[in-house]
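*Asks:* Sequence:
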Amino acid sequence: MRKIFLFLSKLFILTILSNSYIVVYSHGNENVSKAEDLETEEPALDDLDLSNSGLDIDVEDAVAKEPEAKTPSEQDQLDSDVDSTVLSDEDLTGIADKAENHEYQAEVTRLLDIIVNSLYTRKDIFLRELISNAADALEKRRILSLSSDHDNEEELAIKVRTYPSLKRLSILDNGIGMTRDDLINNLGTIAKSGTSNFVDALSKGEKDANLIGQFGVGFYSAFLVADQVIVQTKHKGDKQYVWKSSAGTKYELYEDPKGNTLGEQGTLITLTLKEDAVEYLKTKKLEDLVLKYSQFVRFPIFLYKLDSTTKTIAWKHVNSVAPIWSRDRTTITEDEYNSFYEAISGQSEKPLTHIHFVAEGDVDFKALLYIPQRPPNPYFDNSTRNHNVKIYTRRVLVSEEDLPDFIPRYLFGLHGVIDSDSFPLNVSREHLQQSRMIKVIGRKVVRNVLDTLRQLMKDSKEKKEKLREELGLAGSEEARKEVETKLAEQTPFEKFYSAFRGSLKVACYEDSSNQKKISKLLLYKTWKHPKIEITLDEYVAQMQEDQKYIYFASGDSYKEIDTSPHLQAFKKRDIDVLYLMDTMDESCLIQMRNYEGKDFKSVQKGDAGFTTTEEEKALATRQTRLYRPLLDVLRKLLPDVTNVTVSQRLVDDPCAVVSSDWGMSAHMEKVIKSYVVNREDDDSVSYGGHMKSRILEINPNHPIMIELLKRSETQAEDPGFKQTIQLLYNAAKLASGFIVEDVRDLSATAYAHIGSELKVDSQATIDELLAALPEEEAPKDEENRETPKVLNLDDLEQDSSTPENEEL
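FYI, the numbering for the sequence shown is -26 to -1, 1 to 782, going by mature numbering (1 follows the signal peptide of the UniProt record, and there is no 0).
Treat the hints as calculated values from the structure; they're not laboratory data. Just so you know, even glycine gets a beta-carbon here, dropped at the ideal spot from N, CA and C. Watch out, some of these pointers could steer you wrong.
[What the hints assert, rightly or not] Computed list of lysine-lysine pairs in DSSO-like fashion (alpha-carbon distance at most 30 Å, straight line):
no., residue 1, residue 2
1, Lys141, Lys256
2, Lys232, Lys324
3, Lys575, Lys432
4, Lys469, Lys502
5, Lys575, Lys545
6, Lys469, Lys522
7, Lys133, Lys340
8, Lys97, Lys256
9, Lys644, Lys499
10, Lys218, Lys259
11, Lys696, Lys575
12, Lys572, Lys546
13, Lys460, Lys499
14, Lys232, Lys218
15, Lys591, Lys545
16, Lys258, Lys364
17, Lys490, Lys455
18, Lys141, Lys97
19, Lys545, Lys572
20, Lys259, Lys364
21, Lys533, Lys460
22, Lys533, Lys546
23, Lys438, Lys505
24, Lys258, Lys218
25, Lys696, Lys733
26, Lys438, Lys490
27, Lys490, Lys502
[Claimed, not checked] Each pair of labels, with its calculated beta carbon distance range:
no., residue 1, residue 2, range
28, Glu512, Thr585, 38 to 46 Å
29, Ile564, Lys455, 38 to 46 Å
30, Asp338, Gln565, 31 to 39 Å
31, Asp556, Leu743, 15 to 23 Å
32, Ala722, Asp425, 56 to 64 Å
Could you put the whole structure together from the sequences, leaning on the hints where they help?
*Replies:* Shown next, in the form of structure tokens:
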């Protein structure tokens, strides 16, 4: 019992002491005497015998260690540090009888009623509007300061801070300020045209907060979030005045009872926030809004918030990233360009390249665009943004939304900014989308991007050509290796093309107006150029004098295309062929139709299109007449082909399958089948018959075809002959890149044909062979054979310690 009593006593004392320190910390010095009195009433710790209590606690240490001081929260610090400039409720009450009461202009009353009661979307824009107004006031002061009469030495800035317990938010600027008349004319009256147009737009159902800025009534967006707005302002050489309103039919105006608290000039707007707008008391929310809408305002914007390092509140410069697009390109370093890209994109990886230009003419604007290292993923996801180009007017964001007709989706997830004074602040998305100006800007952006890529490609070609020349002149092995290493390094355009080649080919489909520019950026391997890719211009430059077409072949890989029977005659005639290995390649060229007056033509479809002499034409006619019996038999035995003809393109293979001019190539069939969602059982229905437009071409000079011609008149009905024809046709389909639909039928035909060649007895069984198999005799020394030794792991471990094993 004694031990229990001592334990409880010690625990009680520790609890009292802990509470004493809490009281001291929580209530301050006035409670210290109470804590001391409380301690003296308890027995001295030294008088207690706790040695046998069983509680292993050093009481002296417990008393000596005071709890760590708790750092006051951001809200506590903001509430305790009230700016003396801000008018308190007592200040306002004390001068209520001195206020001048003014009636709002009728249009303003109507406007305020609409803002308060009808506009609920995008309340965030109030901060952008008030900051933009502050920036305008600062700009006016800056311009006036250029004259000797208005010298300005102090830093022009905007300061935003909150008072959480008062539910107040203030925006301070040291701009030009307003006189008493300015307050009446600017805040109590609105140009009738602006208000009328605003109300008319609302009456048509366009209840969007964005409309506020379009009609010059941006200041009143404050009432989206505030029950009361107070404006304290001072113009140079004038008194400091106060304007106060609660969005009713009246506003109050009087001299500031605190006198001149704003210095030489400036304006302080204080909002008492509504209950549903207290989120704007959070400094993180305000910082995000400043960065979103006003990041590139000319003047610094400071936010009073908690410093994460010092744990005290201080002014933080929020918009510290400079709008470098407004500077001369020659004054901007590559590091500055890269830093700006990181700031606006949030990506640490450097961009592939940047495009900085100034456009003048129909629409004046500045643009700074970046092409990233890799495209957005997934590219074909229409639910995601296809670019990150934001539109600013006078450095204030007016749209960050994805405008369908602004920048085409094939432009690789561009990042950047476009700044134009031609747009009104807060222009709506619908107005932007339908605006002629935005379409003009979009066209100029596309043109500049494509021109930049064209220059990158030109530089890349010249660099690689120069290195190849150096390689040929390299005297030593070391010099050759050095040049080869440089040749293996990708140029900026090669990096771009490696990542975005698919995007360019989509562009052939989606942008007919820029198709010519896009086509000059396309690269292809050919049978003459297996290791490097060439442009269409380079292909045309090497065409034969009498060559009519730009020939191409498509497939899944270079090897598949290169070994295709369709290319045999082209190689023999030394005619180069483009190899199309990307999914969109063939669709791209079909959409383009021609290049520099030369039509594109597939070597896997229709007639080969060779230029032939009269002698060659006569020979072809005679060959067709000679093979007429076999052609008729083949047409009868192969009902899924539309025709059988004598080929002019085959050299080594006995036959090949091609598509008609209006049909699909084998590769296109595979691509379409992989993308289609709803298919009919019959492909001829699903694809309009394009997959059934196949032609079998036979090689009149091949021994197999000569032998089949001989047998066609006498063995046309022979099952073995029919089987041979079916097997030959399926082999030709496979060699030509087509899918054999009935694989089981193909294998059965092949097995039967092999059996026929081997003269297999179809009635043969294994029973006869098993009966003739002699019995296996047991080995004579089986009884003396040593039994295999089973390895024992324990023995192995024991043996491993012996000297012999160590030596091994």
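*Asks:* If a hint holds in the structure, say so; if it does not, say that too.
*Replies:* Hint check:
At most 30 Å may separate the alpha-carbon atoms for a hinted pair to count; Lys141 and Lys256 meet this at roughly 11 Å. The straight-line distance between the Cα atoms of Lys232 and Lys324 is roughly 53 Å, outside the 30 Å bound, and the hint therefore fails. Among the hinted pairs, Lys575 with Lys432 is consistent with the structure: their alpha-carbon atoms are about 27 Å apart, no more than 30 Å. Among the hinted pairs, Lys469 with Lys502 is consistent with the structure: their alpha-carbon atoms are about 24 Å apart, no more than 30 Å.
Restraint check for Lys575 and Lys545: satisfied, since their Cα atoms lie roughly 16 Å apart, inside the 30 Å limit. At roughly 34 Å between alpha-carbon atoms, Lys469 and Lys522 are farther apart than 30 Å, so this suggested pair is violated. A threshold of 30 Å between alpha carbons decides the hint, and for Lys133 with Lys340 the separation of about 28 Å falls inside it, so the pair holds. Between Lys97 and Lys256, the direct Cα distance comes to roughly 15 Å. Compliance with the 30 Å bound is thereby established for this hinted pair.
Between the alpha carbons of Lys644 and Lys499 the distance comes to roughly 21 Å, so the proposed pair stays at or under 30 Å and holds. This hinted pair checks out: Lys218 and Lys259 have alpha carbons roughly 26 Å apart, not beyond 30 Å. Among the hinted pairs, Lys696 with Lys575 is inconsistent with the structure: their alpha-carbon atoms are about 34 Å apart, more than 30 Å. This hinted pair checks out: Lys572 and Lys546 have alpha carbons roughly 22 Å apart, not beyond 30 Å.
Annotation: proposed proximity of Lys460 to Lys499 holds, straight-line Cα distance about 21 Å (limit 30 Å). About 15 Å separates the Cα atoms of Lys232 and Lys218, which keeps this hinted pair within 30 Å; it holds. The hinted pair formed by Lys591 and Lys545 meets the criterion: a straight-line CA distance of about 20 Å does not exceed 30 Å. For the proposed pair Lys258 and Lys364, the alpha carbon gap of about 22 Å is at most 30 Å, so the pair holds.
For the hint pairing Lys490 with Lys455, the CA-to-CA distance comes to about 39 Å; that exceeds 30 Å, so the pair is violated. With a C-alpha separation of about 17 Å, the suggested pairing of Lys141 with Lys97 holds against the 30 Å cut-off. A hinted pair counts as satisfied when its Cα atoms are at most 30 Å apart, and Lys545 with Lys572 qualifies at roughly 20 Å. For the hint linking Lys259 to Lys364, the alpha-carbon distance of about 21 Å falls within 30 Å, and the restraint holds.
A distance of roughly 27 Å separates the Cα atoms of Lys533 and Lys460; the hinted pair therefore holds under the 30 Å criterion. A threshold of 30 Å between alpha carbons decides the hint, and for Lys533 with Lys546 the separation of about 18 Å falls inside it, so the pair holds. At roughly 13 Å between alpha-carbon atoms, Lys438 and Lys505 fall within 30 Å of each other, so this suggested pair holds. Restraint check: the Cα-Cα separation between Lys258 and Lys218 comes to about 28 Å, which is no more than 30 Å; the hinted pair holds.
Proximity of Lys696 to Lys733 is assessed by CA-CA distance (about 17 Å); at most 30 Å being required, the pair is judged to hold. A C-alpha spacing of about 24 Å is found between Lys438 and Lys490, which places the hinted pair at or below 30 Å, so the restraint holds. Pair hint Lys490 plus Lys502 holds up; C-alpha atoms about 25 Å apart against a cutoff of 30 Å. A hinted range of 38 to 46 Å is violated for the C-beta pair Glu512 and Thr585, which are about 22 Å apart.
In this structure the supplied range 38 to 46 Å holds for Ile564 paired with Lys455, their Cβ-Cβ distance being about 44 Å. The given range of 31 to 39 Å is respected by Asp338 and Gln565, whose C-beta atoms sit roughly 35 Å from each other. Between Asp556 and Leu743 the beta carbon distance is about 55 Å. The supplied range of 15 to 23 Å is therefore violated. Distance hint for Ala722 and Asp425: a CB-CB separation of about 60 Å, consistent with the stated range 56 to 64 Å.
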